[in-house]
Amino acid sequence: METIYQLLRSTFAKAPDAVLLAIAIAIPILFIVAVYPLIFAYTTLVERKALGRVQNRYGPNRVGRWGILQPIADGLKLMLKEDIVPRSADKLVHFLAPVMAVIPSLLLFSVVPIAPGLVPVNLNIGILFAFAVSTASVLALFMGGWASRNKFSLLGAMRAVAQVVSYEVPMVLAAVAIVMAAGSLSTLAIVKAQSHGFANIGGWFVWRPWGFVGFVLFTIGAMAESARTPFDIPEAESEIIAGYHTEYSGFKFALFQLGEYLAAIAMAGITVTMFLGGYLGPGSGPGFFGGLMSAFWFFTKLGAMILLNIWIRGTWPRVRVDQLMAFAWKVLLPMSLINIVAVGVWQYMPSRGLAWAATTLVLVLSFVILSKLNATGTIERRTYRYAS
Amino acid sequence: MEAIEKIKELASQAVPGAKVEIVNSAPAAAQPALLVDREQVFAVARFFKEDPRFAMDFCSCVTGVDYPKVDQVEVVYHLYSIALKHGPIVLKVRAPRELDQCRVPSLTPLWRGCEFQEREAYDLYGVKFDGHPDLRRILMWDEFKDHPMRKDYAPPMDYDWEPTPHDDTLQRAMATEGVVPPTAIVEAEKAKKK
Amino acid sequence: MGFLGKGLLEGMAVTARNFVGSYFDKERLVTVQYPEERVEVPENSRTFPFLVYDGTADKMRCVACKICETECPPQCIYIVMERDEKGKPLQRPKVFDIDISVCMQCQICVEVCPFEAIKMDNDYEKSQYGRFDELVEHLPDLLKSNEYYHKVKPSEATIVDAKLKADAEKKAKKAAPAAKPAAAAAPIPAAAPAARIVIPEDAPFNPEQRAWLSGFLSSLSPGVAPAAAAPQVASTAPATAPAEAPAGGWPWHDPGLGMAQRMDLAKTASFADKLMAAMAQTDCHACGYDCRGYADAIAGGAEADLSLCLPGEAETQRKLEELMKEAGKL
Amino acid sequence: MIQPLTEPAENRYTLTPGPEGLIETQTLEVSIGPQHPSTHGVFRMDCVLDGETVVQLKPVMGYLHRNHEQLAEKMAWLGSMPYTDRLDYFNSMTNNWAYALAVEKLAGIKVPERAEYIRVIVAELTRLLNHVCAIGFLLQDLGAWGTPLLYAFREREKILDLFEAVSGSRMMCNYMRFGGVRVDLDDKMLTAAKEITGRFPKFLDEFEKLLTNNEVLLARCQRVGILPKELAINASISGPMTRASGVEYDIRKVDKYGLYGRFDFRIPLGDVGDVYDRYYIRVLEMRESVKILQQALRDIPQGPHLAPEVKLRNFKVPTGDGYGRIEAPKGELGFYLVSDESGKQPYRYHVRPPSFINLTILEDMCLGHKVADVIIILGSVDIVLGEVDR
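Protein chains in written order, with the numbering used here: chain A, 1 to 388; chain B, 389 to 582; chain C, 583 to 912; chain D, 913 to 1302.
Among the hints, erroneous ones may be present.
[Unchecked claim] Cβ pair distances, simulated, as ranges:
#1 C:Gly637 to A:Ile72: 35 to 43 Å
#2 D:Arg1135 to C:Val692: 51 to 59 Å
#3 C:Ala639 to B:Tyr541: 31 to 39 Å
#4 B:Arg491 to A:Tyr386: 43 to 51 Å
#5 B:Lys533 to D:Leu1102: 52 to 60 Å
#6 D:Glu1107 to C:Val692: 53 to 61 Å
No wet-lab data here; the hints were simulated from the structure.
Glycine is no exception: its CB is placed at the ideal position from the N, C-alpha and C atoms.
Construct the complete structure from the given sequences, taking the supplied hints into account.
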């Protein structure tokens, strides 16, 4: 935003300040509202096609070539569908919930940088803002589930609240490690902190032991946060029919989907920013070409993260709600705390080699101990006998 | 496993006062059954279950048969032994057809597997099983009155019937069962409306 | 022994293999995109029945014997036999309806048909815009040529044709002595009404002459052999071999004649012959015998059920009871 | 002796009061089904939940009841053969066999050897496709997003294609006849069967690699819905379920109906009797079925495929009753038939459906588990509503 403002200022010297400011604000908003929903639309298409291929079938391939127009068709269909509101539902809340689901997800993108200096809003507390906003989306799920007056919706809402709230904690703590390393809460600063090393790649935090652990923790947390398989229990279609949006149809349902996917994409974006060096990559840097390369790298990494999501969704079963919570509190939380310690150790070790050894040792040891402690005994390898 | 006569003898020894008689099956099937009186059937069944020579721990099949000619409803139990891998012993109990007297002791306390099957027999034949934990209808809905598998059951034509082009066949099919064809009912309703 | 999460990664490897394989290996991309590409239907595949005719549509093999109608489990077939103005059965269905919304494609009608007249189609695109009249197939819709039968079920059709041919020859041989062509040429399901010659009542002939003439003339009419042979074909029940006809033949053994005429022809004949004359003379084996055999069975007391003659309908049953009463056997 | 659940429903609602000074929690009544994504049809479970934990569960069935038995008592013996296809519409072949077997018992019909071999072949193929689908659906209920289910269906389709080539229909086969089978297997079909049999183990390996060791699956399935051995026997549970609980009982071995005495195969047994055992016993049974198929396809003799003396029409059965049962993929499928003087049609025709009786102990298995577990327990019972409701 600042960048755009400076640009405008230098070009139109005599223009009134308010106008330029307004334009400078409007452009990023337009960008977010225009680009990311498009990405969402085509994410659904890619997901459906990829899942189809995984399952030995073509995905949607009828609307346009390779089903390229499928998302538009879906959108039209959902818009034209009847909007059903249960008679005994709380009408107002039932109406507000989908809106509430979309807004936070959109706000998330305002702190995701896609090129040097090119971040919608360069908040110096970017990460904090992101978490604050992403937590707000829980409210939408609960509103939807509560307002529907449907027992399945209610169950789904309860699950959603419990899950998101408890996965928030390890996520934030994993982020704390990064913040400690980067020394700033601003997303741009975090990316800059990774911009050394070979071809802008060596500096990524994911290549550090604590960074890697943080990356895994954060990815799991992000999946749970955006209710993706194997953590999609709030809308586990085989148990509670569609969870909190059982009673939603037509465009409200579409909005819920939009919110979910945007949240997932934004979380992927933040993961990329914090661990995969954001827009950094060979050729990225300031200037027009560098900016182009940066955007390219950013969206490539984003796509990679989304594909990973889809791949996991196509493979794994779903965990149970109590197992989910146990995992969050008994494994992820201690691990993220230890991760913070590891970062501290890393910072204050005299030599880099020693730092590597120490942190790796700490993390591996703690992981082994934790997995031993959490071996609940349910997982056993069995051998089967045969009747004589 | 012993011959049926031996089994009958053992059973009547074990349960004094039990009236046990042999009912022959189809000659080829060679599954002769034991017809036991209502009062003693539970004891006889318990004997077959707990006696080590039989150890009939698996009650495979429970069903009712309606005999309007002799005015009786029969309940048939097929017992097998998983421990000794033999069987079947076929137990038959008879009860009068009148709904209020049509009751036999339930074997569910002996074999949990009878629970649903006895409920089904009750549902379809109206046999009341004394001592059954919860004897409710299982296949028909609770408000249903009649017991559809009885031979004298005539299906009511009260479902909202819509005309199909093939009423002739339908009527001829149903004429063979002595049922009022739906067309007639619809005609009557039309007449009523007019 | 693997670490925690090994199984998860193995699973992801499998899905990845399938994902990639779906671009190269047909085994891993099994979808058939229906309207454009179709799997070819195996010969045994069955959907709904149709009626076979030889040559032209009026030479249908079906003689309206109602066996399929009685045997059809869901009762989806409805047959009315065609009768001429005198009420004589013409050995052809006037109405033959199959309600394919009721039909469950069980193929039992095909198995029980002694005339190879009804066969299973394998055309699976029968969807209609409607649930009522659209889903009832009437006689014109059902009639398909023998060539069509050959098209959908080549090998089966050839076997059937061979069988029909063989039986036709057998029948023809049996009917060789011109003394009793009536027996041979009698059932003329295929022949058009025009081709059917019946000696008028008032013509100056005695019964034998009339029978001989009608038999002789009708034997001249075309398209007789296969249809006449049909009764012997694939009598699924091992029917009692028809007793050898007396020299005069069975003049009443002509489904073209009405009940009154048949009984008139048989009034001098033996009790069993009277019974036989009461039958519909189609040798359709609906009763499990041919007409002769059923009559003998009843006369001999082997068969007590008088209601087995489906083509004869109630008329035959009444007549049989009447005869049995006369003979004091009922 | 296991006592059945005796309390009337209203007493068995639990109201768990919270500790001092905390809110009381209340139970929540949820009716899972009849319209629910994973009740495998129109089946209903009236659950009472305490939070997510099940404190009471009453199975409610009959939504698909069409009085199959009464239909059969109104038509000739052969007439109800196609209706048996509709009982357990996954395994019409075994349904046909059970009915044919019962009638043959009554009428004392001797089945030719080749026909018996053909029956074994189609029955074991049916077992393969049923088990593979059962596992697929179970994993679908676990939330594996259709991937295992579609792999299962990929293999099932091959078997169904073979069935269509043999019997004319993919699922409603109507293939068996009293005293044999309707159509003979020609060489093309036999080679197709050989090919399927040969390829199946490879598929099973991949299938297991996909999920058997998956930690999520293990955590979800193990020690869930345990069915004790005694209860399994006492409650007349049959088929893979009871074998998963360690009951050594397989009608193929006990009755040796058909030609199963001739084939060399083993009966896998589980020890715990939980969902995972039920899942894995099915996998092992498939491997054994493959063995049987290989033997049967190897030494199937020439000969008639239908007993010549059996009449198709006016088929009469001597007076009396009889009970014929087979080891259907889902358990013991039995037909109890009574023939009266006329002998033209069954006087009494009773089906002993495995999945109906296997539901008897559904509540016992589900109590104290979570809602999610109820779903997979139901999935591991492997019911088909066409058979439950009849």
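We went through each hint and held it up to the structure:
1. C:Gly637 to A:Ile72: 35 to 43 Å: 57 Å, violated
2. D:Arg1135 to C:Val692: 51 to 59 Å: For arginine 1135 (chain D) and valine 692 (chain C) the Cβ distance comes to about 54 Å; the hint holds.
3. C:Ala639 to B:Tyr541: 31 to 39 Å: Given range 31 to 39 Å: violated, Cβ gap about 46 Å.
4. B:Arg491 to A:Tyr386: 43 to 51 Å: 46 Å, holds
5. B:Lys533 to D:Leu1102: 52 to 60 Å: For leucine 1102 (chain D) against lysine 533 (chain B), whose Cβ atoms are near 54 Å apart, the range 52 to 60 Å holds.
6. D:Glu1107 to C:Val692: 53 to 61 Å: Cβ of glutamate 1107 (chain D) to Cβ of valine 692 (chain C): about 30 Å, so the range 53 to 61 Å is violated.
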